[in-house]
Every structure is written in C-alpha cells, then in structure tokens.
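Colleague: Residue strings, one per chain:
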Amino acid sequence: MTAALAMDRVAPPPARWLAYRDHDPWILGAAVVLACLGVVMMTSASITLADKNYGDPFYFLWRQLTALGIGAALALWAMHVPLHFLQRMSSAFLLLGILALILVLIPGIGREVNGSLRWLQLGPLSLQASEVAKPCVVLYLAGYLVRHSDQVREKFIGFIKPIGVLTLIAGLLLLEPDYGAAAVLFATCLGMLFLAGVSLPRFISWGLVALSALAALALLAPYRLARLMAFVDPWSDPYDSGFQLTQSLIAFGRGELTGVGLGAGIQKLFYLPEVHTDFVFAVIGEELGLAGTLTVIALFLFLMWRILLLGGEALKAGAAFHAHAANGVALLLGLQAFINIGVNIGVLPTKGLTLPFISYGANSMVITCAMLGLVLRIAHEIRRPVHLPATGRPVSAPAIKIAEDPTP
Amino acid sequence: MAVALPALYRGRRYSVQLLFTAIAVLMSLRAVDLQLRDHEFLQNHGDARYLRVVEIPAHRGVISDRNGEPLAISTPVSSVWANPRRLALAEGQWRQLAQWLSIGVDNLKELVAARQGRDFVYLRRQVEPAQAAIIAAARLPGVYVDREYHRYYPAGEVTAHVVGFTNVDDSGQEGMELAYNGVLQGTPGSKQVIKDRLGRVVENVESLRAAVPGEDLTLTIDKRLQYIAYRELKAAVINHRAQAGSMVILDARSGEVLAMVNQPSYNPNNRTSLQGELYRNRAVTDVYEPGSTLKAFTIAAALDAGEVTPTTPIDTGNGVFEIGPYKVRDTHPFGRLDVTGVVVKSSNVGAAKIALSLEPETFWRMLSKVGFGAPTATGFPGEAAGRLPDYHHWREIEQATLAFGYGLSVTTLQLAQAYTAVANDGVWVPASLVRNGRPPDGDTVMSAATAEQVRAMLEGVVRSGTGRLARIPGYRVAGKTGTVHKVNTQGYEEDRYVALFAGMVPASRPRLVAAVIIDDPGDGEYFGGQIAAPVFSNVMREALRLLNIPPDDPPGRNEQPLYTYISTNSPEMFDDRGGQPER
Numbered sequence: 001m002t003a004a005l006a007m008d009r010v011a012p013p014p015a016r017w018l019a020y021r022d023h024d025p026w027i028l029g030a031a032v033v034l035a036c037l038g039v040v041m042m043t044s045a046s047i048t049l050a051d052k053n054y055g056d057p058f059y060f061l062w063r064q065l066t067a068l069g070i071g072a073a074l075a076l077w078a079m080h081v082p083l084h085f086l087q088r089m090s091s092a093f094l095l096l097g098i099l100a101l102i103l104v105l106i107p108g109i110g111r112e113v114n115g116s117l118r119w120l121q122l123g124p125l126s127l128q129a130s131e132v133a134k135p136c137v138v139l140y141l142a143g144y145l146v147r148h149s150d151q152v153r154e155k156f157i158g159f160i161k162p163i164g165v166l167t168l169i170a171g172l173l174l175l176e177p178d179y180g181a182a183a184v185l186f187a188t189c190l191g192m193l194f195l196a197g198v199s200l201p202r203f204i205s206w207g208l209v210a211l212s213a214l215a216a217l218a219l220l221a222p223y224r225l226a227r228l229m230a231f232v233d234p235w236s237d238p239y240d241s242g243f244q245l246t247q248s249l250i251a252f253g254r255g256e257l258t259g260v261g262l263g264a265g266i267q268k269l270f271y272l273p274e275v276h277t278d279f280v281f282a283v284i285g286e287e288l289g290l291a292g293t294l295t296v297i298a299l300f301l302f303l304m305w306r307i308l309l310l311g312g313e314a315l316k317a318g319a320a321f322h323a324h325a326a327n328g329v330a331l332l333l334g335l336q337a338f339i340n341i342g343v344n345i346g347v348l349p350t351k352g353l354t355l356p357f358i359s360y361g362a363n364s365m366v367i368t369c370a371m372l373g374l375v376l377r378i379a380h381e382i383r384r385p386v387h388l389p390a391t392g393r394p395v396s397a398p399a400i401k402i403a404e405d406p407t408p
Numbered sequence: 001m002a003v004a005l006p007a008l009y010r011g012r013r014y015s016v017q018l019l020f021t022a023i024a025v026l027m028s029l030r031a032v033d034l035q036l037r038d039h040e041f042l043q044n045h046g047d048a049r050y051l052r053v054v055e056i057p058a059h060r061g062v063i064s065d066r067n068g069e070p071l072a073i074s075t076p077v078s079s080v081w082a083n084p085r086r087l088a089l090a091e092g093q094w095r096q097l098a099q100w101l102s103i104g105v106d107n108l109k110e111l112v113a114a115r116q117g118r119d120f121v122y123l124r125r126q127v128e129p130a131q132a133a134i135i136a137a138a139r140l141p142g143v144y145v146d147r148e149y150h151r152y153y154p155a156g157e158v159t160a161h162v163v164g165f166t167n168v169d170d171s172g173q174e175g176m177e178l179a180y181n182g183v184l185q186g187t188p189g190s191k192q193v194i195k196d197r198l199g200r201v202v203e204n205v206e207s208l209r210a211a212v213p214g215e216d217l218t219l220t221i222d223k224r225l226q227y228i229a230y231r232e233l234k235a236a237v238i239n240h241r242a243q244a245g246s247m248v249i250l251d252a253r254s255g256e257v258l259a260m261v262n263q264p265s266y267n268p269n270n271r272t273s274l275q276g277e278l279y280r281n282r283a284v285t286d287v288y289e290p291g292s293t294l295k296a297f298t299i300a301a302a303l304d305a306g307e308v309t310p311t312t313p314i315d316t317g318n319g320v321f322e323i324g325p326y327k328v329r330d331t332h333p334f335g336r337l338d339v340t341g342v343v344v345k346s347s348n349v350g351a352a353k354i355a356l357s358l359e360p361e362t363f364w365r366m367l368s369k370v371g372f373g374a375p376t377a378t379g380f381p382g383e384a385a386g387r388l389p390d391y392h393h394w395r396e397i398e399q400a401t402l403a404f405g406y407g408l409s410v411t412t413l414q415l416a417q418a419y420t421a422v423a424n425d426g427v428w429v430p431a432s433l434v435r436n437g438r439p440p441d442g443d444t445v446m447s448a449a450t451a452e453q454v455r456a457m458l459e460g461v462v463r464s465g466t467g468r469l470a471r472i473p474g475y476r477v478a479g480k481t482g483t484v485h486k487v488n489t490q491g492y493e494e495d496r497y498v499a500l501f502a503g504m505v506p507a508s509r510p511r512l513v514a515a516v517i518i519d520d521p522g523d524g525e526y527f528g529g530q531i532a533a534p535v536f537s538n539v540m541r542e543a544l545r546l547l548n549i550p551p552d553d554p555p556g557r558n559e560q561p562l563y564t565y566i567s568t569n570s571p572e573m574f575d576d577r578g579g580q581p582e583r
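Line order of the protein sequences matches chains A and B. Residue 373 in my numbering sits at position 373 of the first sequence, with consecutive numbering throughout. Residue 222 in my numbering sits at position 222 of the second sequence, with consecutive numbering throughout.
Calculated directly from the structure, the hints in this document are not laboratory data. Every residue, glycine too, gets a C-beta built ideally from N, C-alpha and C. Warning: the hint list may mix true and false statements.
To be verified - Facing chain A, a subset of chain B residues (Cβ under 7 Å, in silico):
1) F20
2) L42
3) H59
What the hints assert, rightly or not - Pairs of lysine-lysine, DSS-like flavour, derived with a Cα cap of 30 Å:
4) A/K351 / B/K195
5) B/K486 / B/K234
6) A/K155 / A/K316
7) A/K52 / B/K327
8) A/K316 / A/K161
9) A/K52 / A/K351
10) B/K109 / B/K195
11) B/K369 / B/K191
12) B/K327 / B/K486
13) A/K52 / B/K369
14) A/K52 / B/K191
15) A/K52 / A/K316
As the list claims (entries may be wrong) - Partial list, derived from the structure: chain B residues whose beta carbon lies under 7 Å from chain A:
16) A24
17) S28
18) L34
19) R37
20) Y50
21) V201
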C-alpha cells in the first residue's frame, strides 16, 4: 500500500486508457474467459432447442450477446461509481430489493412462469426480482457491517438484526417460490457475517438453529424431502424423479477426458431438460470432457480467491465497506457457481440456479457483470488511494479501527 | 478478544478460502469419478436411452412376365406420422396439415384424439414423395416423414388376379404376391442409430445387417397374350351380360400359363372400397361342371383301352337312353353315329354308352391322370382342387353322366391343363406359373395315336360341329364346346347356363391350349359354341400372329368356307347341352 501511495505521489495522472490498469486484471481476465467459454457453450447447448422452438439456431446466442453488451456497459458504469456513494445508499438498496421482491408477488405486476412468480414486467423489460435483490442485499449488509462493526462482533443484537432482515428477504423469496436464490442469498450473508468476525460460538449455534428450522420444514412436508433427496440415488428412479440428474450424469460419463467434441453432445438433443440454463455445465462436461469441467471449476475458484484477496487488501487499507462488498460478491458468485456445479454432478439437490457468466439468462448476466464492475471499482479505489483520505481511511467510512485497535 | 482483529479477519478469510478450495477439490474428484471411472456405466445408461436399432426396409422383388415386362414394381413413397401429444400443441396448423394430407380436419382430429397419450400415430401412409417433402419442410411440431415402398402394378386389372397385391406393410395378400411373399420380400436390414428425444435419427452409428432385397420373380405369363385375352373376355362378358368369365392359355408343350384372365376384375393400384369377391382368381378358385368338354377324355379312355376306334358305330337311337329309372337325353335324335360323330355332334347318349363299355377304374384313371380332382402344381393361393368322385362308389348312372361332364367339377386351369395331354401326343404336362428353367415334368397318359385320333375328332367339332365359331383363318383348330346348367342349392337351374370351350391350335402340331368359361350369360345366347368359342378364336388369332406360329392350313387347302357368320347359324347348330338325367 505504501508503494501504491508512493507511486501516486510521484506519477502524474495516467493516460485515459491507462486509468484502468489498477483494476485487477486477474479478476477481469478470469471473468472474460468464463464469459467467452460461456457464450460458446451456452450456444452449443441451446442450438437445437432454439432451432426447434424459434426456427433460429442462434436465437439464444443473440439474446445472450445483447445481455452481455448491456452487462458490459453496466460494468463500465459501475467502475466509475464511487464506493462512498453506494455506501451512503446502502439502506436504500435494501428497500429497493425488498420492493422488488414484494412487487413480484403482486399478481398483474409479477409474471408467473412454471408456477413461480419470479418476473417483474416493466414495459418491455422483464426483470428477475431475485437477481435485482442479490446486489442490493450485499450492499446493504456491507453498509450495516461497517456501521455496526463492533456490535456485530461482540453483541448478539448486532448479529441477529441483519439475520432478521435476511430472514424476511429469504421469506419473500420462498413465497415466489425461489428456493435456490433464497439459499444462495442467505448463505452469502452468513458468509459475510463470518468474514466480518461474528463470534464463532454464536455463529455456529445460529447455524444449528437455521439447520433445524430447515429440517423441520422438510419433515413437515415429506414429499419435499423425498424430492430434495432424489439426487442421492437418481438411479433408483431414473425415468421420473431422477431423470434430469441421470441425463446430466450420463453427459459427464460420455465426456471422459477430452469430451465428445464441441457441438457433438447428445444430451442437448432434448434429453436433458433446462440444458442451456441450469445444466449447461453438463454440456461442458460432455463436449469438452474432464478438461472442460476442471477448467471451469478452477476458473471460478480462482475468481473467488482473487476477490476475497481483494477484500483482505481493502481491509488492510482500512476500506471496510470495500472489503465487505468484495466479500459479498465473492461469496455470491462462488456459492452460486459451486451449487450449480454440485447440482450438475449430482452432489446437491436439483434446484434452479444458473452458472454465473455461462448459463443463458439476461438478468443473471447483466447483474453478474454489474457486480464484476463493482469489484473492479473496489480494486481501483484501494489501489489508487486518491479516493481514500490521507490517513489511509476511505473518505466515506467510519473505518474499522485498525490502527487504533491494538491487541489487548 | 483472543486474537488481534487483523489476524481474526485474516483467519476468517483463510478459512473461507480453504473451504471453497476444499469444495472445488471435492467437486473435481467427483468429476474425475464420473468422467474417468464411472463412464462405462453412465455410457451404457446413455446408450439405453438414445441408441436404437431401426429397420432398413428391403426392396421387394420385381414380378415380371416371361419377356421381362414388369407386372409389379416397388416405388419409394413416404409415410407421414405424428406424435399426438406434440401435434396437439399446434392445433392452429391442423387445417393446413389436413389439406396437405388430403384428409378432413375432422379425420385428423379423430386420429390425434384417439391416440392421445401415445407417442405414435400414422397420419397417412404412401404419400407421394413430393407432397411428403412439403410436409417435412413445414416442420410442424410432432410431425415426421418416413420412407416406405409402394407397390405399383403397371398392367393394372389385366394381371390383377394372377399377380395379386400387397398390403400397406408391403406384405403379399393375394395371388403370386402372396404365394411367393417369402422370396419377394427379402430381409429387412437393421442399423444402430442415435435418436434425439423427439425420435428423430441424428446419427447412424453402424449397420448391423444390410437389407437383402427380395428376389425378382419371373412368371410364365406373356403380358401381350394376357392383354388380348383380357380384352376379348371382357368384351364377351359385357356383350352377353354374363356374371363372370375366365380364360387360361397354356403353352401346349411346357404347360406354362401364358395368360390367365378373369371377369370381373379390379385395379390393384386403387383398391379403395372394393369387395373381396372381385379379388378371386376365378380361373383357379371357382369350379364348374365341364359338360361336353369332358367328352374328349371319355373317348380317349375308350380309344386307349381299345374298346372303340374312331369309326366304331354307336347307336344313339331317338336321343333317349334309359339307365334304370333315369333317362339320358340328346338335344336332337342323332340315330346311328360313329365315335367321331358322337364327339362332333356332341351326343350325350353316345358318350354315355361308350363310357359304360369301360371298366369304371379305366375311365376314372384317365380323368385322374389328366389332373381332375387334384390341385395343380402352380401352388396358387386359394386354389380349388375340384371334385372327381371315387370310382369304387360309382353307380351306372354316375358313370354315364360323367361321360358328358356332369357329376365332377373342374377349374378353368384344370380343364386347359387336361387338354395338354391331347395336344401333346398323349404327354400330359402340369401347368406352371413361374418360369424357372425347369424342364416340364411330362406324364404319358394316353398313347400318341389316341391323342391324334381325339385331336382329329375335335378338329371335326370346329370344322363342322358345335365349335365352328372357334375357327381361325389359316390354322387348323381343334376344340370342344360345352354348355351346362348352373347349379344352385336346389339343384340344376332350368334356364341358367355356363358356356365353355376348350381347344388347341394349330391342330396339326398344337402349340397353344386354351379354355374359356363364361358364367351365366344373360342375353339369351348361352351355348359354349356361341359365346365361348368366339373368344377362343379372337384371342388365338392374335396370339398365333404374336408368337410367329406358322399357319398349318393355307387358304385353298380346305374347301370349307373360312367364315360362317353367326347370323347364318341357327342356335340349334350349337346346342350341346347336357343335363341332369331325368327320372
């Protein structure tokens, strides 16, 4: 950091295109590779479906590229929004998120697809309420964690208050219902609390409470449990409850080491339902083989690792909001990716979750890009401390007391 | 706090990073498991879902006539089928689809509704390839097009009864199509393919068994003769308002069937709304009493046994012959005749007397040896064997009536076949329909001298007896007419007849043998010599020319007038009726 500070004092403002050199190139690189791979594989997975349903084999490709364009524009914009502005607005983000989640439940505004109210119809735009809510909740919690940093670590009330808010959000998501988004968002926030230093016994006991609540929910509706647990042995009922998963597993089995070749997969020929959204990873496994699967797993792990490192860097620089926001984005992306991968390879129950950067879905793509833009902005701010006060603290934040908090 | 805050944060971050690294490693291991270790199990399950064995239809053999003219050929067509569940989703396009298929929208709705909940229904089969291409190009949901073969019969109704036809599944149903179905149809091949979940073949994996096309079948039929025979028979049946008719032409030396036609017939290329009755190949499935046409064999048996010579006198008296309580009658009193005269005048009394001079077994043996009472070797499906009663149980009157062709039943083919013995100098040859190069397996059933004598008598029938309308300019014709009362459930009908003619040409060295039967003529003329003999004459005249058979009766050799017009012939000249002997 001192090096960065020193550089800042010496160097003149860089040329305009060089202004981005501080945005973490590793993060950006990993994301770009994932997005490119995603566009190719999503197209391969969707080509037969698009041809049959829309008469245009590239129907999904054009829409995904449009979403990627909008997402890139939004990311570019996010890279110019100062974090202190977002921090100031963090409570408003919560309200925006809750508003979206409530609106979607109102018939006439929310649009029902496959028995779930997940879509907000705003003129020509279809918004997925859960996607809107994701960054909103992360930004809110980051703001909360900064405002109540001591309380969060030391008092039960500081811990339970955000949990209450989260329970409300999760409850709204369950009403849609969108179990996958609820699970990811709740886990992301727990992770953010954990990273913010919530005391371990309290964290664990709360975790146990949450788990028993989930267990009760499942036990009250055994059919739900049965459906949830179908993934454990999909071969016991391979043509009904296990159908989708067995098709997915077959795809991986066919892929072996190097895959059957790009475009040569068979599972996408209407065998594997939701192949271009939730199960695009299976197509990667079939067409690109183990090489493809391991590459994707590695890229997501790397991306997440780098963003968490950035969070650590931010903390060191005394930029707590930056740190929490980065942690939130890392957890959100990582959890969603690994849950999706886990579903595809049959180690997690089948739930509708997309693979960030790869699955088809304009909302998911745009929001993911925006969050990437946010992360790049964080990197930029903490590495060019012109955005931070001379003391080394961010202008916008009552900083976590790093210097003033010597070890007792 | 036990640890400094930066250390706490760092620790927490490390543990999260470690956790996710562990997750990533575990998932990678799981992926390795799936892709490198369980892949065989998974691929087997996959194969079970999308690997399918499909049939490759075998091309059905061509049926052709003896000169290679096609009589039945398979042409590629398409069948349109649908997945009812998927088609139900596109109700808006049903009208267009029904129009393309040339069926009513209601029919289409019924088809789809009846098979709702299944995955397959034929919408229409044997669609023209061009039309099927339009349907395939429209890519309607759940609608598919498959290749099939459609059987086409170039000669249509002319060869319909002999050739038969196949059903929509390309399997023989009638005629030679049925008799030789196993040879013609070949063996369908099979191949392993990958199908998508909608049932479409996306990839051919391997050919398991090549389709073996069916063998071609060459019939003994000569399409040209078949046409002529059909045309003349049809004209005669229409002109005489007859119910039915058959004609069979055989090669006298080989027994090969050169033509076999029937009325009524049908168009095998369009069989909608046809009754099964029309499908019958009457020449082999329907039996008649042969009447006077049988006299040739009565006389042959007696000549061969040495009981009579052609000039042996026979007293037919006043045309009534009493056998116990029964009376056998002639149409006119002929008085004293010789054996030739009995044949030429067609005297029932004379024939009965000659028959009664024979041992029953001798007579029976002759009739049996020329093929009566047993199915022919053609193996034609549904063939009737006819009936020849066993001589052990003959009463005198039965033996007498058999002499002029009552009390037994024969098919048109059997009648023609029997006449080959007379035509072929005593060597009877079995009729055959398939040309396979096998030399005819002849059987000597009478001496050459007997055959020659009978032939001379039959020539007399045509020259100056009841068969004169069978004459052909330039050729010597030998033949015998017959007219029998039709049988119904009550017995013989007084005024309904079957007219017959059996003969051969050229009589000096016969090459062709033919039998004509016209069932129940309705315009007042009913004698075999009146309506069956002209058919023989008209057909054979052209057949002889087509086959380049040299005339054996050049003009001037015979002082008999070549033409005798029907108008100058009183009907009595043709009267050769026999009948149930009166009590």
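Colleague: For the hint on B/Y50, just tell me whether its beta-carbon gets within less than 7 Å of chain A.
Modeller: For B/Y50, the interface hint holds, since the closest Cβ of chain A sits about 6 Å away, which is under 7 Å.
Colleague: Holds or violated: B/K486 and B/K234, Cα atoms, limit 30 Å.
Modeller: holds, 21 Å
Colleague: Between B/K369 and B/K191, does the CA-CA distance stay at or below 30 Å?
Modeller: violated, 53 Å
Colleague: For the pair we were handed, A/K52 and A/K351, check the Cα-Cα distance against 30 Å.
Modeller: Judged against 30 Å, a Cα distance of about 26 Å means the pair holds.
Colleague: Holds or violated: A/K52 and B/K369, Cα atoms, limit 30 Å.
Modeller: Violated, at roughly 72 Å.
Colleague: Checking one constraint from the list: CA of B/K109 to CA of B/K195, max 30 Å. Satisfied?
Modeller: holds, 28 Å
Colleague: Is the hinted pair B/K327 and B/K486 satisfied, with a Cα-Cα distance of at most 30 Å?
Modeller: holds, 19 Å
Colleague: Please check whether B/A24 passes as an interface residue: C-beta within 7 Å of a C-beta belonging to chain A.
Modeller: Status holds, d = 4 Å.
Colleague: Return the status of the interface hint for B/F20: holds when the least beta-carbon distance to chain A is below 7 Å, violated otherwise.
Modeller: holds, 6 Å
Colleague: Is the hint on B/V201 kept, meaning its closest Cβ partner in chain A is under 7 Å away?
Modeller: violated, 11 Å
Colleague: Can we keep the B/H59 interface hint, with Cβ of chain A closer than 7 Å?
Modeller: This interface hint is violated because 31 Å lies over the 7 Å limit.
Colleague: Given the hint that A/K155 pairs with A/K316, test it: the Cα-Cα distance must not exceed 30 Å.
Modeller: Holds, at roughly 24 Å.
Hint check: violations occur at hints 3, 7, 11, 13, 15, 19, 21; the rest are consistent with the structure.
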